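**Q** Just so you know, the protein sequences line up as chains G and A, in that order. Residues 0 to 155, numbered by numbering that gives the first Met the number 0, are exactly what the first sequence covers, in order. Residues 0 to 155, numbered by numbering that gives the first Met the number 0, are exactly what the second sequence covers, in order.
Because the hints were derived from the structure by calculation, they are not lab data. Mixed in with the good hints, there may be bad ones.
As the list claims (entries may be wrong) - 25 Å max Cα-Cα, derived DSS-like pairs, lysine-lysine: (1) G/Lys21 <-> G/Lys48; (2) G/Lys92 <-> A/Lys123; (3) A/Lys123 <-> G/Lys93.
To be verified - In silico contact screen, one side only, chain A against chain G (beta carbon under 10 Å); selected entries: (4) Glu34; (5) Asp36; (6) Gln38; (7) Met40; (8) Ile51; (9) His61; (10) Ser80; (11) Glu81; (12) Gly85; (13) Leu147.
Remember, it's a predicted structure, so these values are computed and weren't measured experimentally. C-beta atoms are modelled at their ideal positions from N, C-alpha and C, and glycine is treated no differently.
What follows is the residue order along each chain.
2 protein chains.
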Amino acid sequence: MMEERYFFEDFAEGRVFPLATKLVTAEEIIEFAAEFDPQPMHLDEAAGKASILGGLSASGWHTASMFMRMMFDGWLSRSSSEGSPGIEFMQWKKPVLAGDTLSGRSTVLESRPLRSRPGIGLVKFLHEVENQHGEVAMRGENPIMMRLREAQENAA
Amino acid sequence: MMEERYFFEDFAEGRVFPLATKLVTAEEIIEFAAEFDPQPMHLDEAAGKASILGGLSASGWHTASMFMRMMFDGWLSRSSSEGSPGIEFMQWKKPVLAGDTLSGRSTVLESRPLRSRPGIGLVKFLHEVENQHGEVAMRGENPIMMRLREAQENAA
Numbered sequence: 000m001m002e003e004r005y006f007f008e009d010f011a012e013g014r015v016f017p018l019a020t021k022l023v024t025a026e027e028i029i030e031f032a033a034e035f036d037p038q039p040m041h042l043d044e045a046a047g048k049a050s051i052l053g054g055l056s057a058s059g060w061h062t063a064s065m066f067m068r069m070m071f072d073g074w075l076s077r078s079s080s081e082g083s084p085g086i087e088f089m090q091w092k093k094p095v096l097a098g099d100t101l102s103g104r105s106t107v108l109e110s111r112p113l114r115s116r117p118g119i120g121l122v123k124f125l126h127e128v129e130n131q132h133g134e135v136a137m138r139g140e141n142p143i144m145m146r147l148r149e150a151q152e153n154a155a
Numbered sequence: 000m001m002e003e004r005y006f007f008e009d010f011a012e013g014r015v016f017p018l019a020t021k022l023v024t025a026e027e028i029i030e031f032a033a034e035f036d037p038q039p040m041h042l043d044e045a046a047g048k049a050s051i052l053g054g055l056s057a058s059g060w061h062t063a064s065m066f067m068r069m070m071f072d073g074w075l076s077r078s079s080s081e082g083s084p085g086i087e088f089m090q091w092k093k094p095v096l097a098g099d100t101l102s103g104r105s106t107v108l109e110s111r112p113l114r115s116r117p118g119i120g121l122v123k124f125l126h127e128v129e130n131q132h133g134e135v136a137m138r139g140e141n142p143i144m145m146r147l148r149e150a151q152e153n154a155a
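Let the sequences and hints guide you as you build the complete structure.
**A** Right, dumping it as C-alpha cells:
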C-alpha cells in the first residue's frame, strides 16, 4: 500500500495534521546554543535556573528548528511542498526545558491557487507546539507552497 | 577600556547595529538539514540545482539560526537583552547557497518601557541579512526586551 501523499487539494480549511513528537535533551539544547545562540540560559543549567526561564532552556530558534523537523516527520515529507516564503508570526509562549516532550499540530487556515505560478497553491497554516503538560510553548503562522494534484496528473 | 554596553535607553529609533559576517559552508548546510530540515535541496548539490533554489541551499530555519548568531556576535552579546517574545514576521527572499557570505544589520523601529515589567523595555527591530551581492536574503521584525540603564544604576 502506498503512503498517502498530500497535494494542494487535500489542504481543506480546518484540516489538522499532527506533528511528530520530540524529546528535548540537555545535550541538544547546549549543542544548538553553542553554535547559534550562546546566551547563558541556553548553555548552562544554573544560569537557566537563575533566569526567568526557570531552567536550561532551548533557544527560541532551536524550538523553531525542532518544530520544522516535527512537521517534516509528521506530514510535510509526504506532501507536495515547494517551500515557504517565510513566517507570518511566531510566538515563544513558554520555555522549552531539558526533558520536555514536544508535540503539536498544523491546522489549515486558508488556501488559494497562485496566479503567478500555475500548478502551485499557497496554503496558510497555524502551527502549535505543546509540551507534555499541554501548554502551548510556541505558535505561529506560515504559508507553504504546494503543487496541485491536478497539475501532477496532467504532467504524468 | 570597557566594551560599550547597550541598555534600553541606547536603542534610539533609527539607530543601526551591524550584524557579524558569516561564510556559509556546504558542510554546515548539510549538517543542519540532516538534523532539522531533511528536504533534498538542503542535503544534496544536484537536488538543489534541480530545484527553484538553484543550488545546495540552506534551510530557511538555518538562515534564521545563523542570523541569531550574527546578531549575538554583532551586538546582542553586549546588550542588556532579556530575550524575545517572538517574531513579528520573517521573509526568505533569496536562496542562501553554499559559499555565500552573509552580513546585515538590525535597525531600531520603535521602543517603549513595559508597564507590566518595571525596569524592562521592549525594542522592536527590523533585521536584514544580505548576501555578498548586496541582495537581501532574509528580512524580518522582532521585539527584544532590554533592561533600562536607569534600573541597573538604581540596583547598583
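**Q** State for each hint whether it applies.
**A** Taking the hints in turn, this is what the structure says about them:
Of the supplied pair hints, the one linking G/Lys21 and G/Lys48 holds, its CA atoms being roughly 22 Å apart against a limit of 25 Å. Of the pairs offered as hints, the one joining G/Lys92 and A/Lys123 holds, with about 18 Å between alpha carbons and a cut-off of 25 Å not exceeded. A threshold of 25 Å between alpha carbons decides the hint, and for A/Lys123 with G/Lys93 the separation of about 20 Å falls inside it, so the pair holds. Below 10 Å, beta-carbon pairs count as interface contacts, and A/Glu34 has one with chain G at about 7 Å; its hint therefore holds.
Because the beta carbon of A/Asp36 sits about 5 Å from the nearest beta carbon in chain G, less than 10 Å, this interface hint is met. Here the hint on A/Gln38 is kept, as its CB sits about 7 Å from the closest CB of chain G, short of 10 Å. The criterion of a C-beta within 10 Å of any C-beta in chain G is met by A/Met40, whose closest approach is roughly 8 Å, and the hint holds. For A/Ile51, the suggested interface contact is upheld, since its CB lies about 7 Å from the closest CB of chain G, less than 10 Å.
Interface hint at A/His61: satisfied, since its Cβ lies 8 Å from the closest Cβ of chain G, which is below the 10 Å cut-off. With 10 Å as the threshold, the beta carbon of A/Ser80 comes within range of chain G, its nearest partner Cβ sitting at about 8 Å, so the hint holds. The restraint placing A/Glu81 at the interface with chain G holds, with a minimum CB-CB distance near 7 Å, inside the 10 Å limit. For A/Gly85, the interface hint holds, since its Cβ comes within 10 Å of a Cβ in chain G; the closest pair sits about 4 Å apart.
Because the smallest distance between the Cβ of A/Leu147 and any Cβ of chain G comes to about 16 Å, over 10 Å, the interface hint for this residue is violated.
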